[in-house]
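Residue strings, one per chain:
There are 2 protein chains.
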Amino acid sequence: MLERIELVKPADIEARSMEIIRQELQGETWPEPEFSIVKRCIHTSADFDYARNLCFSKDAAKIGVEALKRGASIVTDTRMAASGINKKRLAEYGGEVHCFMDAPEVAEEAARKGCTRAAVCMDRAAGLSGELVIAVGNAPTALIRLFELIQEGSIRPVLIIGAPVGFVNVVEAKELIMTAGVPYIVPKGRKGGSNIAAAVCNAMLYQK
Amino acid sequence: MLERIELVKPADIEARSMEIIRQELQGETWPEPEFSIVKRCIHTSADFDYARNLCFSKDAAKIGVEALKRGASIVTDTRMAASGINKKRLAEYGGEVHCFMDAPEVAEEAARKGCTRAAVCMDRAAGLSGELVIAVGNAPTALIRLFELIQEGSIRPVLIIGAPVGFVNVVEAKELIMTAGVPYIVPKGRKGGSNIAAAVCNAMLYQK
Chain A
0 MLERIELVKP ADIEARSMEI IRQELQGETW PEPEFSIVKR CIHTSADFDY ARNLCFSKDA
60 AKIGVEALKR GASIVTDTRM AASGINKKRL AEYGGEVHCF MDAPEVAEEA ARKGCTRAAV
120 CMDRAAGLSG ELVIAVGNAP TALIRLFELI QEGSIRPVLI IGAPVGFVNV VEAKELIMTA
180 GVPYIVPKGR KGGSNIAAAV CNAMLYQK
Chain B
0 MLERIELVKP ADIEARSMEI IRQELQGETW PEPEFSIVKR CIHTSADFDY ARNLCFSKDA
60 AKIGVEALKR GASIVTDTRM AASGINKKRL AEYGGEVHCF MDAPEVAEEA ARKGCTRAAV
120 CMDRAAGLSG ELVIAVGNAP TALIRLFELI QEGSIRPVLI IGAPVGFVNV VEAKELIMTA
180 GVPYIVPKGR KGGSNIAAAV CNAMLYQK
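Line order of the protein sequences matches chains A and B.
Sequential numbering of the first sequence, starting at 0, is according to numbering that gives the first Met the number 0.
Sequential numbering of the second sequence, starting at 0, is according to numbering that gives the first Met the number 0.
Chain A extracted, bound-state conformation (with noise of 0.2 Å):
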């Protein structure tokens, strides 16, 4: 079994998963940088749906690099995202990560309002100065909570990435977003997930 293992230096690994990735899309491209942001959601999923369901609004992909190469930084709804994102790279740039899901008082707000965590967190965000990527990984209640906010004119994060999972109003949330007013990337449908949101996010940080 051993002998058919592909011998691949560790650090080519990543390029030749781009490789293959790349030549199943059978000559389906993207411009840049909305391309490496389709690849790099396939490569952590290993699901094609995303060269699929992957929606940019005008200029989106190229509006958040160069936030983050501003120093925005980027608020996200869920933990797994925050670990996932190269917070090294956004550092160097001047951003950084914040996810208030495990503060007590989030959990008490939401308890108190009878809404979600997720949706207290967009209301912490909207507290936060300096430009915000928000990329929700998790839960569609902060989608909804978040287009309230928009309207209210309580916060404008340069871009959102509305990438909740699931089937209890996810694509509702999702398709709601897109009509913010927002720079926006949304996997539409119920796909998407904690890895999705930070392979946008990562996708953005390693454009050159």
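Since the hints were derived computationally from the structure, they do not count as laboratory data.
From the three backbone atoms N, C-alpha and C, an ideal C-beta is built for every residue, glycine too.
There's no promise every hint is true.
Computed spacing ranges between beta-carbons, pair by pair [what the hints assert, rightly or not]:
1) S153/A <-> E2/B: 15 to 25 Å
2) K112/B <-> A106/A: 38 to 48 Å
3) E107/B <-> V7/A: 44 to 54 Å
4) K86/A <-> G26/B: 21 to 31 Å
5) A106/B <-> S153/A: 34 to 44 Å
6) G129/B <-> T178/A: 47 to 57 Å
7) F47/B <-> F34/A: 22 to 32 Å
8) S153/A <-> G188/B: 20 to 30 Å
9) A50/A <-> G26/B: 23 to 33 Å
Given chain A, put chain B in place with the hints provided.
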């Protein structure tokens, strides 16, 4: 648009999601605790492929649940999985999560040996005492090294969750680890990832 949002209390969202998953599986079922694992992998990815690709060796899920309840620890090759595993629940049973990916000496050893950090992490796991569940959510090289360590008699995990994701040696490494003579839970094929590795662990931790 907001009127299309289904009103579900935060505490009920997961149960409602699981109900939808069960409905869409159209009567297809598994014994427990396998069914909980299949459903949680679909819940975390919105990808029904996990109803097809998850392979369980005989009693693997039951063996995993019992080991965790006895206080087995979990070793993983990904920080994101370490972040996603319910460490509070694990600690209640006496276990903890080990992830050696960030240790500078692991990076040094990998560079010196020309292997991946994930492979070195498996060497580190072999130095741990007590019962271990190994949850691989990223690197096929971790599974290949784990196979070698089992062959040498250097480690004997209670259960292997073999869920690396990707395009280079992933399929082959999964097939290899299924021949190691150790109980396994493996999503066959290219799919997997840190979200899946964490979902399998959490589904077992949440068993009554």
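Discussion item. Hints numbered earlier in the text: which of these fail when held up against the supplied structure?
Written reply: Violated: hints 3, 4, 8.
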